[in-house]
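A.B. asks: What follows is each chain in one-letter form.
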Amino acid sequence: MNRRFSCLLAIGFIFFCSRTWAALVVEITKGQADAIPIAIVPFGTPEGSGALFDVAQLVSGDLARSGRFKATDRKDMIEQPHSGAAISFDDWRRLNNDYMVVGQVQPLGQDRFNLTFELYNVLTHQRLLGYQFSANKPGLRLAGHQVADMVFEKILGIRGAFATRIAYISVLGSLPHKDYQLIVADADGENPHVVMQSNEPLMSPAWSPDGQSLAYVSFEGRVPSVFVQALKTGERRRVSAQAGVNQAPAWSPDGTKLALTLSTRDGNLDIYVLELASHALTRITDDPGIDTEPQWSKDGQSLYFTSDRAGGPQIYRVGTQKGDKPRRLTFQGSYNARPRLSPDESQLSFVTQEDGGYRIATMDLRGRGDVQVLTKGHFDVSPSYAPNGAEIIYASRDRGRGVLALVSADGRVQERLVSSEGELQEPAWAPF
Amino acid sequence: MKRIVSIALLMAGTVLLSGCPKKHNVMEPPTAGSQVPGSSGATGDAASASSRAFGSDAATQGANGMGADATGPLARKVIYFDFDKSEIKPEFADIVAAHARNLTGHPGLKIKLEGNTDGRGTREYNIGLGERRAQAVRRALMLQGVAESQLATVSFGSERPAVEGDDEAAWSQNRRVELVYAP
Chain A
1 MNRRFSCLLA
11 IGFIFFCSRT
21 WAALVVEITK
31 GQADAIPIAI
41 VPFGTPEGSG
51 ALFDVAQLVS
61 GDLARSGRFK
71 ATDRKDMIEQ
81 PHSGAAISFD
91 DWRRLNNDYM
101 VVGQVQPLGQ
111 DRFNLTFELY
121 NVLTHQRLLG
131 YQFSANKPGL
141 RLAGHQVADM
151 VFEKILGIRG
161 AFATRIAYIS
171 VLGSLPHKDY
181 QLIVADADGE
191 NPHVVMQSNE
201 PLMSPAWSPD
211 GQSLAYVSFE
221 GRVPSVFVQA
231 LKTGERRRVS
241 AQAGVNQAPA
251 WSPDGTKLAL
261 TLSTRDGNLD
271 IYVLELASHA
281 LTRITDDPGI
291 DTEPQWSKDG
301 QSLYFTSDRA
311 GGPQIYRVGT
321 QKGDKPRRLT
331 FQGSYNARPR
341 LSPDESQLSF
351 VTQEDGGYRI
361 ATMDLRGRGD
371 VQVLTKGHFD
381 VSPSYAPNGA
391 EIIYASRDRG
401 RGVLALVSAD
411 GRVQERLVSS
421 EGELQEPAWA
431 PF
Chain B
1 MKRIVSIALL
11 MAGTVLLSGC
21 PKKHNVMEPP
31 TAGSQVPGSS
41 GATGDAASAS
51 SRAFGSDAAT
61 QGANGMGADA
71 TGPLARKVIY
81 FDFDKSEIKP
91 EFADIVAAHA
101 RNLTGHPGLK
111 IKLEGNTDGR
121 GTREYNIGLG
131 ERRAQAVRRA
141 LMLQGVAESQ
151 LATVSFGSER
161 PAVEGDDEAA
171 WSQNRRVELV
181 YAP
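So the sequences go chain by chain: A and B. By this note's numbering, the letter at position 158 of the first sequence is numbered 158, and the numbering carries on one by one without gaps. By this note's numbering, the letter at position 161 of the second sequence is numbered 161, and the numbering carries on one by one without gaps.
Some clues are possibly wrong.
As the list claims (entries may be wrong) - Derived Cβ-Cβ restraints for the label pairs, each shown as a range:
| no. | chain 1 | residue 1 | chain 2 | residue 2 | range |
| --- | --- | --- | --- | --- | --- |
| 1 | A | Arg159 | B | Glu168 | 40 to 46 Å |
| 2 | B | Gly108 | A | Asp370 | 56 to 62 Å |
| 3 | A | Thr233 | B | Ala170 | 39 to 45 Å |
These aren't lab readings, by the way, just hints derived from the structure by calculation. Just so it is clear, CB atoms sit at the ideal spot from N, CA and C, and this is done for glycine as well.
With the rest of the complex left out, here is chain A:
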């Protein structure tokens, strides 16, 4: 937790002078009917400590945004206890709350705060969690996300992913003068920072497994190259600038290699593995069709990818050892592309064509390979799993504008992240 926090601070420091954009606003477009009712009581602050960051509001927003919780409106709270001893459980039960969170924020001198919180089961009066954090002022936001993570995990048994980050591309301006930005923000869209800016396209951001670096494609100089950029220092390295195509970087699980797409002189796209330390290249696929959009399996032994070797684009899997033959995985429909593996490898998310629209689908990898189409848009692309596998963030279009959207991996909850500016593309959810 500390490591992530200092990392966030470093990013903020390095890019403090770069322009940042208005944070994203979340609109829940489809909720879950059986959401769990929970009350997040406003946290207590000492008299005269002024307006402090509203941690309870943030926790409440996170939990509601997951679609799995229904946060009780503050207007309906008769009293506002700040510790377990002060709770009249019967009153809270009458308001139909299953759970409640109480807490306090205490200033500890100059820019230092002590945050305590407790989670209670309203029915049994049982104290399920009780924790204490210390944080500086900007750190209170992160601490709030961590409270939400702990509550989420305690009640649902699924690790929370509220205190994580996302990367995405934002395109500003109008033709022919566009400004492409690679942005890193908190998972709720707050705290956006521009980490790279160009007047030529940027695309395909991919997080290193340790969350410290991003690989991406930049067309600076009007040719594509793959770069790796360290977030703490801002230092960037051009790791692939072969003649022709340099695209679709994907980190190996151990962070030592990138799978990427390169082309031969006559324009045949195939998948290669680049060893970052030695720059050694290994060719993985060799087919006259387009082979691209690789993604590693967790054991680093195989790659999922898109290929149109059989006509339209379909998803295949191939072993990374020499001579392995790709095996086709998708058979339903004429367009299935850009596979992403869920963190537990139980399902694959990808883009499928249905009724003329491009939509986000999942395929069950453990059972019979059932396919479920999760979205209903016309231009839904670029799915990326939350590190806990509960949600998928993707790029969509809304009234002619590029937006980011979220769908739970079971398709039951959907929401849109609306930015006041720019075309948003290619979200990539960071690891824990």
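Knowing the structure of chain A, use the given hints to seat chain B on it.
C.D. replies: Frame of chain A; chain B shown alone:
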């Protein structure tokens, strides 16, 4: 914006007067164009206006001394494609042939073929489709005698649309290969 307007005018079969300050064009009223896809379009010698709707290669005409052909197929530097296709349609054969003649006649010239797709589908797969289109033009030029060393390709996939929009009117303008002469 100017680019969008230019394209619209081109599609209407009109030759657009150049607004480029760098060139010394004789500004005359628009002539009936040879810009409609499918028209024979090879006789643009009478026109003196120059189209700047596409491409960013002010060097072409200066470099090859063929400025008199400014509205002919050589002045046209964009080839459009059908959805999900990379075959060069017959109506663009004269453009390819004119550039092939220009390149074989001027071995010092170099050209970059920039492949693009419309905004549908996944971005990285679109890079592949754009490359396939650029390669189709490259092959056609080589078949007509252009040296491999004069040709380069790049694919922008759906990252550099010519026209914004989520409809076929925009998409048909974006599925293209732009022929860009090196300065």
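A.B. asks: Hints first: check each against the structure and report whether it holds.
C.D. replies: How the hints compare with the structure:
1. At about 45 Å, the CB distance of arginine 159 (chain A) to glutamate 168 (chain B) agrees with the hint of 40 to 46 Å.
2. In this structure the supplied range 56 to 62 Å holds for glycine 108 (chain B) paired with aspartate 370 (chain A), their Cβ-Cβ distance being about 60 Å.
3. Our hint of 39 to 45 Å for threonine 233 (chain A) and alanine 170 (chain B) holds, since their Cβ atoms are close to 41 Å apart.
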